[in-house]
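> Assemble the complex: chain R is given as a structure, and chain E must be docked to it using the hints.
Residue numbers (the numbering used here), protein chains in the order written: chain R, 1 to 192; chain E, 1 to 255.
Below, in silico cross-link-like pairs of lysine to aspartate or glutamate (EDC-like), each with a Cα-Cα straight-line distance of 20 Å or less:
{"no.": "1", "chain 1": "R", "residue 1": "Lys70", "chain 2": "R", "residue 2": "Glu152"}
{"no.": "2", "chain 1": "R", "residue 1": "Lys70", "chain 2": "R", "residue 2": "Glu12"}
{"no.": "3", "chain 1": "R", "residue 1": "Lys70", "chain 2": "R", "residue 2": "Glu157"}
{"no.": "4", "chain 1": "R", "residue 1": "Lys185", "chain 2": "E", "residue 2": "Asp57"}
{"no.": "5", "chain 1": "R", "residue 1": "Lys185", "chain 2": "E", "residue 2": "Glu64"}
{"no.": "6", "chain 1": "R", "residue 1": "Lys185", "chain 2": "E", "residue 2": "Glu60"}
{"no.": "7", "chain 1": "E", "residue 1": "Lys40", "chain 2": "E", "residue 2": "Asp21"}
{"no.": "8", "chain 1": "R", "residue 1": "Lys185", "chain 2": "R", "residue 2": "Glu122"}
{"no.": "9", "chain 1": "R", "residue 1": "Lys70", "chain 2": "R", "residue 2": "Asp7"}
No wet-lab data here; the hints were simulated from the structure.
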Amino acid sequence: MGTVTSDEQVVERALSGDAEAFGEIVRRWERRIFALAYGMLGREEDARDATQETFLSAFRNLRGFRGEAKVSSWLHRIAVNQCITRQRRAKVRSETALEDEQEADGASYSAPAMESPARAAESRERTAIVRRAINALPAELRQVVVMKEFEELTFQEIADALDLPLSTVKSRLYTALRQLQMRLKNMAHEVA
Amino acid sequence: MKEMWDKTMRERKEICARAEDLIAYLYSEASETEARDFEKHIERCAPCRTELAAFGDVREAVGEWREQALGSIASPAFENKDVTAFASAQEIYKPKRSALAAIREFFTLSPLWMRAATAAIALIFCALAFIAIAHFKEQPKVVVINEPNKANPVQENRNATVASKDEQPNTPAIKEPTVPQQKVFVANNDKAQTTRQVKNGTISHQQLAGTRKPALRSNLNASEELVENDYLPFTAPSHEEKLPSLADLADEPNQ
Chain R
1 MGTVTSDEQV VERALSGDAE AFGEIVRRWE RRIFALAYGM LGREEDARDA TQETFLSAFR
61 NLRGFRGEAK VSSWLHRIAV NQCITRQRRA KVRSETALED EQEADGASYS APAMESPARA
121 AESRERTAIV RRAINALPAE LRQVVVMKEF EELTFQEIAD ALDLPLSTVK SRLYTALRQL
181 QMRLKNMAHE VA
Chain E
1 MKEMWDKTMR ERKEICARAE DLIAYLYSEA SETEARDFEK HIERCAPCRT ELAAFGDVRE
61 AVGEWREQAL GSIASPAFEN KDVTAFASAQ EIYKPKRSAL AAIREFFTLS PLWMRAATAA
121 IALIFCALAF IAIAHFKEQP KVVVINEPNK ANPVQENRNA TVASKDEQPN TPAIKEPTVP
181 QQKVFVANND KAQTTRQVKN GTISHQQLAG TRKPALRSNL NASEELVEND YLPFTAPSHE
241 EKLPSLADLA DEPNQ
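Just chain R, same shape as in the assembly:
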């Protein structure tokens, strides 16, 4: 049984010239960073690009990592910044175009094969509403919800990643859930 090395140890190996070490970090965190990017951006392609950019940025700035924070917090912070930057760019390019694309993507999600077509359609509709509601949240609230719901990070991990006090993370999450609740209710009424 091999010993499990921590992320920090792997980064140290990468800094000392081990070419394979950073690949290990990518393999450990790729899915979670992708989930975070997907939750924030809402598009698979954008999430993939943001994930690549996150790891590339981490690789380039590896020497700037001082070990004061955990590797996971460091990666999440880079990923959140990448997502915010991409969202601003997309907003400038065309807000409506992006929304249309997201709508189109929403229709392409594959529902489980066992479900009946009616149930699958209903499920697709519900998830589309959720996605729109999350996308409508302010960035500060959205990133907290995604980090909690998509990545299942603890409050402390989110606080470390975003460099926020613990109570601010809780209050933002509370506000986000309240807004989501109201938006979901309103959107469900509109659809009905």
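Coordinates of chain E only, in the frame set by chain R:
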């Protein structure tokens, strides 16, 4: 963001102030003691009970979206590519951006306050540059002319008249002020030439004195002429010289 939170908390306080405890309990991050305490609280607090149930529904909906979305996405971002090689390739192909594109990106991505501050600084800089340019343009031009007589225009006119008198004794007196100005340079050229001749020794001081005397004489004649032409109104007219002087009167015997 702060206003949003304050508003939420104001609304919340009207019903119950334990929002953070609710969140910690919802995500199972409350300690055992905190969890038991909150469970006791929700038994008697209907708003907290209602909100806990509503948030549970929201989490369920978000979870459904997450499962559906991430479940349908098979491959992660790098698809088992070597990230080091990928990074190296990215480093090699790094397209150069133009300055305009960089400025555009800065204005696109920076927050509103930073954009406003940059615009204000640029405006102030332009205003200062404009003021500086205007200030330099207003400053009078100082033209140094190696000409001692230039400072006194009356003297210039007089010299010009004298010079013209020397050269053309029969020409009428100059009435236009611009014409003598041109002749100033002629007279001064003569003077310069004379000075050069003295320096070179081609002209003696006696000769020089001889050349000066007519000039003095001609200056007197010119003064009279200027008076006749109203150029020098405060100079005594020449016919006053014919009046007997006080000394002459004293020498004459009493009549």
